[in-house]
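Protein sequences, first through last, are from chains A and B.
All residue numbers for the first sequence refer to this note's numbering, where the first residue is 298 and numbers rise by one.
All residue numbers for the second sequence refer to this note's numbering, where the first residue is 878 and numbers rise by one.
Bear in mind the hints are in silico, worked out from the structure with no lab data behind them.
Careful: at least some of the hints might be erroneous.
Simulated pairs of lysine to aspartate or glutamate, EDC-like, Cα-Cα distance not exceeding 20 angstroms [to be verified]:
id, chain 1, residue 1, chain 2, residue 2
1, A, Lys394, B, Glu956
2, A, Lys339, B, Asp880
3, B, Lys894, B, Glu956
4, A, Lys299, B, Glu956
5, A, Lys339, B, Asp915
6, A, Lys394, B, Glu949
7, A, Lys299, B, Glu919
8, A, Lys339, B, Glu933
Being a predicted model, the structure only gives us computed values, none of them experimental.
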Amino acid sequence: QKEVEQDPGPLSVPEGAIVSLNCTYSNSAFQYFMWYRQYSRKGPELLMYTYSSGNKEDGRFTAQVDKSSKYISLFIRDSQPSDSATYLCAFNTNAGKSTFGDGTTLTVKP
Amino acid sequence: EADIYQTPRYLVIGTGKKITLECSQTMGHDKMYWYQQDPGMELHLIHYSYGVNSTEKGDLSSESTVSRIRTEHFPLTLESARPSHTSQYLCASSQTGGQSNYGYTFGSGTRLTVV
């Protein structure tokens, strides 16, 4: 069984929609939670990170962590065509090496 | 500006050639990583280093080798390229300590095609 399961997608939404991207994990040692955005033919870029249960907001993006359920989500409000990319969840233990999800490809249509 | 650089961005080479993919970072990060990623597919860790003269193989078996002689430089070498090596190679770095748990900085990648 994989340590991380990410909703596979692909996901296609109209501009302005609210997007929910989700990952579950099984390793209780994961203490740090991240979301990366990867545009086509580029490297991933860190979008958001958190280390506690609850919500963290940054502009149109909200990262949600539920440690008791081992579930994290990324919400995108008022989605824009420029948000079209692949989104990867990632998890760290205290040792620091990341475990990545397989990615969800999002297309926001004008 | 602190960043991580990969060269070349694109490379087409013939089977059997030796190649080195370059990766350098200016952030002073002690940890560096190489990932392989096919289009639309997941990241596979092939090598990592936690400091100078320290290298380890990753989760995905790879015929490549790496070296870490300087903190900022982490080149990946293929002694004899084959068509099965065709892929995108991504280099990343992170810092030990609190910041290492807040994610990696990735380069833009090298897209390798072996014909």
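Results of checking the hints against the structure:
1. A:Lys394 / B:Glu956: Violated. A:Lys394 to B:Glu956 sits at ~27 angstroms, over the 20 angstroms cutoff.
2. A:Lys339 / B:Asp880: holds, 14 angstroms
3. B:Lys894 / B:Glu956: holds, 7 angstroms
4. A:Lys299 / B:Glu956: Judged against 20 angstroms, a Cα distance of about 32 angstroms means the pair is violated.
5. A:Lys339 / B:Asp915: holds, 12 angstroms
6. A:Lys394 / B:Glu949: Holds: A:Lys394 and B:Glu949 sit about 18 angstroms apart, inside 20 angstroms.
7. A:Lys299 / B:Glu919: holds, 13 angstroms
8. A:Lys339 / B:Glu933: Status violated; Cα separation ~25 angstroms.
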